[in-house]
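These protein sequence lines map, in sequence, to chains A and B.
In this text, residue positions in the first sequence follow the numbering used here: the first is 1, and each later residue adds one.
In this text, residue positions in the second sequence follow the numbering used here: the first is 1, and each later residue adds one.
Hints in this document: simulated from the structure, not taken from any laboratory.
These numbers come from a predicted model, not from an experiment.
C-beta atoms are modelled at their ideal positions from N, C-alpha and C, and glycine is treated no differently.
One or more hints might be untrue.
To be verified - When the alpha-carbon atoms are kept at most 25 Å apart in a straight line, the in silico DSS-like pairs for lysine-lysine are as follows:
| hint | chain 1 | residue 1 | chain 2 | residue 2 |
| --- | --- | --- | --- | --- |
| 1 | B | 108 | A | 96 |
| 2 | B | 254 | B | 207 |
| 3 | A | 96 | B | 291 |
| 4 | B | 59 | B | 41 |
| 5 | B | 207 | B | 47 |
| 6 | B | 47 | B | 59 |
| 7 | B | 291 | B | 325 |
| 8 | B | 48 | B | 254 |
| 9 | B | 291 | B | 198 |
| 10 | A | 97 | B | 275 |
| 11 | B | 108 | A | 97 |
| 12 | B | 243 | B | 275 |
Claimed, not checked - So, partial list: chain A residues that the calculated Cβ filter (under 8 Å) puts toward chain B:
| hint | residue |
| --- | --- |
| 13 | 64 |
| 14 | 68 |
| 15 | 70 |
| 16 | 75 |
| 17 | 76 |
| 18 | 87 |
| 19 | 106 |
| 20 | 125 |
| 21 | 126 |
| 22 | 129 |
| 23 | 131 |
| 24 | 134 |
| 25 | 136 |
| 26 | 137 |
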Amino acid sequence: MELEDLKELIGLLKDTDITEVQIEKDGIKVKVKRDKFFGHLEVQQHALPEKKDLRKEEEIETEGRLLTVTSPIVGTFYRSPSPDAEPFVEIGARVKKGQVLCIIEAMKLMNEIESEIDGVIVRILVENGHPVEYGEPLFMIDPI
Amino acid sequence: MMSPKIKNEAVVDLLQKKKSAFVSGTEIAGALGVSRAAVWKKINRLKKSGYTIEASRAKGYRLTEVPGLSIEEIRNALSGRPRIIGGEIIFYDTVSSTNTIAAELAGKASSGGEGCTEGTVIIADGQTGGRGRRGRAWVSPPGKNVYMSIIVTPGVPPVQAAVLTLMTAVACASAIRRLSPVPVSIKWPNDLMVSDRKLGGILTEIKADMDRISYAVIGIGVNINLEVDDAPDDIRSIATSLKYETGRPQSRTKYAIEILDEMEKWYGIFMKEGKRPVLEEWLRLTSTIGKTVNVTIGDTLLTGTAEKINDEGMLMLRLSDNSLKVISSGDVTVLR
C-alpha cells in the first residue's frame with residue numbers, strides 16, 4: 001500500500017466518529033485505529049499470512065479455538081491489583097478457572113475479571129491503565 | 001499513690017451499668033481498687049478517645065455517649081421493619097478489611113455454599129488492611145471510625161452496577177447531613193468531602209459475568225472521631241473527621257445506623273425506579289460539577305471543566321479544545 005493511500009485513509013477517519021478501519025488489499029492488511037481516549041492515530045500494517053504456509057495455517061486454526069475474554073463494562077483496564085504489584089498474569093501463564101486476570105474499574109467500582117476456563121494466556125490485548133469499551137477483547141486464552 | 005493499670009472497659013462497664021445515672025469517683029475507685037486521681041485521669045483519657053462523660057463535682061461521672069460501636073443498638077434500631085440492608089449484621093473487633101471478609105462470604109454464598117443473605121453488613125471496630133482505590137491504604141485505627149461493607153445482589157447487568165457507587169455516596173452524604181451540620185458534599189464519583197478534605201470513601205468490588213453481577217460488596221469508611229495523630233503525615237492535610245469538623249466526639253453507632261437506613265432507602269429506590277432518581281440526588285449533593293478539575297488517569301493528566309455526568313454516572317469533562325471527554329475512572333482534584 002502506498003503512502004498516499006495511507007494518508008487518504010487517515011484523513012477519512014479524522015473528521016468522523018469512526019475509530020477503526022481495516023482494509024485488505026494485495027495480500028497486505030492495513031488497520032488504522034484512532035484511539036478515542038488520546039485522540040491520536042495509530043497505524044498498523046501487517047503482511048497477511050501466506051495461505052500455503054503450514055505453520056501459519058496451524059496458528060489460524062488455533063485461533064479458532066482460543067477463548068476471548070471481553071470486558072463486561074466500560075472502564076479502565078488494570079493488569080495488577082495496585083500500581084506497585086506484579087501483574088495478575090503474563091503471556092504464557094497457565095491459568096485456572098476462576099483465577100483473576102485483571103481488574104476493570106468504573107467509578108471506583110472494581111470488577112475482577114476471572115478466567116472461565118483452565119488454559120494458557122496467549123495474548124493480552126489491552127495495555128495497563130488504558131480505557132476499555134463494553135465487550136472489548138482483553139485476553140485470548142488457549143484452553144487446556 | 002501508685003495505681004494498678006485500669007482498663008478502659010472496666011470504667012466504661014461501671015458507668016454503663018448505671019445507665020444514665022451518676023457514679024461517684026469514690027465508688028469507681030473502690031470498685032476497681034485504684035485511687036480517685038487514677039479514675040479522674042482515666043475519665044479524661046476516655047473523653048479524649050471519644051466517650052462523652054459528664055462530670056459533676058457533687059455527683060460524680062455520668063456516661064452520656066459511647067463511641068464504641070454498640071452493635072446491640074444498631075440491631076435494635078434496624079429491627080423495626082422488614083428490610084434488606086442490615087437484615088443481618090456481623091461485627092468484628094479488628095479485621096484485615098471488611099471488604100475482604102464480605103467478599104469471602106458473598107463468594108461462598110454465590111457458589112452455592114453456606115453464605116449470607118442479601119444486605120448482610122460486616123462492621124469492624126478497626127481494620128489492619130483497610131483498602132482504597134488501586135491498593136491505597138485506608139487509615140483504620142480501632143475505636144474511631146465507621147468501617148463497614150454491605151453485600152448486595154441486585155442481579156443487574158454489570159454496566160448498571162457502577163451507579164451503586166454514586167448511590168452509596170448519596171446515602172452516606174444524606175445520613176451525615178441529617179445528623180450533623182457538617183456541609184458534606186460528594187466529589188465525583190463517590191468521595192465524601194468537607195470542602196477539599198476527605199471525610200469518607202467508598203470502594204465497591206463486584207463479581208460479574210457479561211450479563212449480570214453475582215454480587216457487589218460496597219465498602220464504606222467514614223472518619224468519625226479520627227484525630228490528627230491517627231493519620232500518617234501524607235494524609236493529614238487532606239483528611240478530616242466529624243470530630244474535627246464539629247469540635248466534639250460523635251457517636252459511631254448513630255452514624256452507622258443512619259447510613260444503613262439511608263442505604264436501605266436508596267437501594268430500594270434504585271431497584272424500583274432505576275438510576276434516574278439516584279443521579280438526580282447525586283447532582284444535588286455534589287461539589288464537583290461546574291468546577292475546573294484535574295483528572296489523573298494512570299500517567300495522564302487532564303484539566304477541564306467538570307460539566308455534567310452522563311446516564312451511567314460517568315464524568316463529562318469539557319477540555320480546553322472544547323471537546324467533551326467521558327471519564328469512567330480517575331482521580332479528580334477540584335482546582336476552583
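Any of the earlier hints contradicted here, and which numbers?
2, 3, 5, 10, 12, 13, 14, 18, 20, 21, 25, 26
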